[in-house]
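S.K.: Below are the chains, spelled out letter by letter.
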Amino acid sequence: MSIKVRIPTPLQKLTQGKTEVETEGKDIRELIENLEKNFPGIKERICDEKGNVRRFINIYVNEEDVRFLQLDKTSLKDGDEISIIPAIAGG
Amino acid sequence: MKLREDQIERYSRQIILPNIGGKGQEKLLNAKVLIIGAGGLGSPCALYLASAGIGKIGIVDSDAVELNNLQRQVLHSTKDVGRPKVESAKDRVNSINPEVEIIPYKMRLTSENILGIIKDYDIIVDGSDNFPTRYLVNDACVFSKKPLSHGGIFRFDGQAITILPGEGACYRCLFPEPPPPGLVPSCQEAGILGAVAGVIGTIQANEALKYILGIGELLTGRLLIFNALDSSFRQVKVPRDPNCLVCSEHPTITKLIDYEEFCQLRRKE
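In order, the protein sequences belong to chains A and B.
The numbering of the first sequence is my numbering, which starts it at 1 and goes up by one.
The numbering of the second sequence is my numbering, which starts it at 1001 and goes up by one.
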């Protein structure tokens, strides 16, 4: 199983500058845990203290926002592409 | 309204487009667009809207031109350093198209003044540079049912979405709340490639033109994501949130909020 995760610019410091990483996970929760194993510190940037995805960051499976699927229980399959997209405010 | 000879000449390259024509040009000449921020996004947006013949353009910005703005804020010139951006913007726009009426607003938007300003315009373009203003603008546009083109940039990334209140998702359907102070690098500390501002600001101008002309498909219900390093454009779906804090049937936010300004660099000014 291989799932591609697009890393947003603000988190690329934690992935040694990588814009995309490959990982695994049966659902979003497991995927985030696996990201954390490979890139320590990334989980607390994505999730709050309770483990919920922060309100100014969205996670998409392909084109779909997991908030409108099953949140962190959204199941994943081989070949899915995950995007982590934070709000940005510059102008 | 009948187009004059010089107007037909000036706008001929867009009048000949099948979806625009003389009728479309008249719509543009009668349109009123408010641009929030005369910075990286507002600059290209204002230039294209003015060139296209938008009748009235309001520009909101409280700042003066600084030398470090010129790398991306193409409305302003070296000789403008120190001048209010709204004045510099007015001069530049009118040098391209003297027919455009520019309404300068040299102020910061607040919960007190925003509703009175946006009510005179057909569509709002948000090119501001901070979260408090962005959420204020979204909420005010939802309350006033004003179309809003949202654009944001950060380093090599850009985002754009068009909000038609009541019809499609609003910015809070996408991101319910701004990040708390200090968690997201914002404003000047993050850095930005000028061309990224050009891409997104131009997309916002394009959205405003399409809305006024009533042509094409607006960026409603989807977020456009641009990355300059791999030159990629992607889109993700943005459904209306049935629990949206501001635009759902049972909103919990019913008044405008002045969020705390949290950009440390700005606070020192």
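It should be emphasised that the hints constitute simulated quantities derived from the structure, not laboratory data.
Quick caveat: nothing in here was measured; it's all calculated off a predicted structure.
Hints may be right or wrong, so weigh each one.
Said to hold, decoys possible - Derived coverage of chain A by chain B (criterion: at least 3 residues anywhere in the stretch with Cβ under 8 Å from a Cβ of chain B; other residues may be distant):
| id | stretch |
| --- | --- |
| 1 | 3 to 17 |
| 2 | 20 to 32 |
| 3 | 35 to 44 |
| 4 | 77 to 87 |
To be verified - Calculated lysine-lysine pairs in the DSBU-like style (CA-CA distance at most 35 Å, straight line):
| id | chain 1 | residue 1 | chain 2 | residue 2 |
| --- | --- | --- | --- | --- |
| 5 | B | 1145 | A | 37 |
| 6 | B | 1237 | A | 4 |
| 7 | B | 1119 | B | 1023 |
| 8 | A | 43 | B | 1032 |
| 9 | B | 1106 | B | 1145 |
| 10 | B | 1056 | B | 1255 |
| 11 | B | 1237 | A | 18 |
| 12 | B | 1119 | B | 1032 |
| 13 | B | 1146 | A | 26 |
| 14 | A | 50 | B | 1032 |
| 15 | B | 1056 | B | 1145 |
| 16 | A | 43 | B | 1237 |
| 17 | B | 1237 | A | 50 |
| 18 | B | 1119 | B | 1002 |
| 19 | A | 13 | B | 1002 |
| 20 | A | 73 | A | 43 |
| 21 | A | 4 | A | 77 |
| 22 | A | 50 | A | 73 |
| 23 | A | 26 | A | 13 |
| 24 | B | 1002 | B | 1032 |
| 25 | B | 1023 | B | 1002 |
| 26 | A | 73 | B | 1237 |
| 27 | B | 1237 | B | 1119 |
| 28 | B | 1079 | B | 1145 |
| 29 | B | 1237 | A | 77 |
| 30 | A | 26 | A | 4 |
Idealized CB from N, CA, C, for every residue including glycine.
S.K.: Are the hints correct? Go through all of them and say.
M.R.: Results for each hint:
1. Check result for the stretch 3 to 17 of chain A against chain B: holds, 3 residues qualifying (beta carbon to beta carbon below 8 Å, three or more required).
2. Coverage of the stretch 20 to 32 of chain A by chain B is violated in this model, with 0 residues showing a Cβ closer than 8 Å to a Cβ of that chain against a need of three.
3. Given a C-beta distance limit of less than 8 Å, the hint that chain B covers the stretch 35 to 44 of chain A is violated, as 0 residues qualify and 3 are needed.
4. Given a C-beta distance limit of less than 8 Å, the hint that chain B covers the stretch 77 to 87 of chain A holds, as 4 residues qualify and 3 suffice.
5. Restraint check for residue 1145(B) and residue 37(A): the C-alpha separation of about 46 Å exceeds 35 Å, so the hint is violated.
6. A distance of roughly 19 Å separates the Cα atoms of residue 1237(B) and residue 4(A); the hinted pair therefore holds under the 35 Å criterion.
7. Restraint check: the Cα-Cα separation between residue 1119(B) and residue 1023(B) comes to about 25 Å, which is no more than 35 Å; the hinted pair holds.
8. Using a Cα cut-off of 35 Å, the hinted pair residue 43(A) and residue 1032(B) is violated, with the two alpha carbons roughly 45 Å apart.
9. Between residue 1106(B) and residue 1145(B) the alpha-carbon distance is near 24 Å, which keeps this suggested pair within the 35 Å criterion.
10. Taken as a hint, the residue 1056(B) and residue 1255(B) pair is honoured in the structure, with Cα atoms around 29 Å apart against an allowance of 35 Å.
11. Distance check on the hinted pair: residue 1237(B) and residue 18(A) sit about 25 Å apart at the alpha-carbon level, within 35 Å; holds.
12. For a cut-off of 35 Å, the pair hint linking residue 1119(B) to residue 1032(B) stands: about 10 Å separates their Cα positions.
13. Under the criterion of a C-alpha separation no larger than 35 Å, the hint pairing residue 1146(B) with residue 26(A) is inconsistent with the structure, at around 42 Å.
14. Simply put, residue 50(A) and residue 1032(B) have alpha-carbon atoms about 46 Å apart, too far for the 35 Å limit, and the pair is violated.
15. About 20 Å separates the Cα atoms of residue 1056(B) and residue 1145(B), which keeps this hinted pair within 35 Å; it holds.
16. Of the supplied pair hints, the one linking residue 43(A) and residue 1237(B) holds, its CA atoms being roughly 24 Å apart against a limit of 35 Å.
17. The straight-line distance between the Cα atoms of residue 1237(B) and residue 50(A) is roughly 26 Å, inside the 35 Å bound, and the hint therefore holds.
18. Between residue 1119(B) and residue 1002(B), the direct Cα distance comes to roughly 27 Å. Compliance with the 35 Å bound is thereby established for this hinted pair.
19. Simply put, residue 13(A) and residue 1002(B) have alpha-carbon atoms about 58 Å apart, too far for the 35 Å limit, and the pair is violated.
20. Between residue 73(A) and residue 43(A) the CA atoms are separated by roughly 16 Å; this keeps the pair inside 35 Å, and the hint holds.
21. Taking the CA atoms of residue 4(A) and residue 77(A), the gap is about 11 Å. The hint holds against a cut of 35 Å.
22. With a C-alpha separation of about 15 Å, the suggested pairing of residue 50(A) with residue 73(A) holds against the 35 Å cut-off.
23. For the given pair, residue 26(A) sits about 26 Å from residue 13(A) by alpha-carbon distance, which is consistent with the 35 Å threshold.
24. Restraint check: the Cα-Cα separation between residue 1002(B) and residue 1032(B) comes to about 19 Å, which is no more than 35 Å; the hinted pair holds.
25. Straight-line distance between C-alpha atoms of residue 1023(B) and residue 1002(B) comes to about 10 Å, which keeps the hinted pair within the 35 Å bound.
26. Under the criterion of a C-alpha separation no larger than 35 Å, the hint pairing residue 73(A) with residue 1237(B) is consistent with the structure, at around 19 Å.
27. Between residue 1237(B) and residue 1119(B), the direct Cα distance comes to roughly 29 Å. Compliance with the 35 Å bound is thereby established for this hinted pair.
28. For the suggested pair residue 1079(B) and residue 1145(B), the alpha carbons sit about 39 Å apart, so the restraint of at most 35 Å is broken.
29. With a CA separation close to 19 Å, the supplied pair residue 1237(B) and residue 77(A) stays within the 35 Å bound.
30. Our distance criterion of 35 Å between C-alpha atoms is met by residue 26(A) and residue 4(A), whose separation comes to about 13 Å.
This entry does not satisfy hints 2, 3, 5, 8, 13, 14, 19, 28, going by the numbered hints stated previously.
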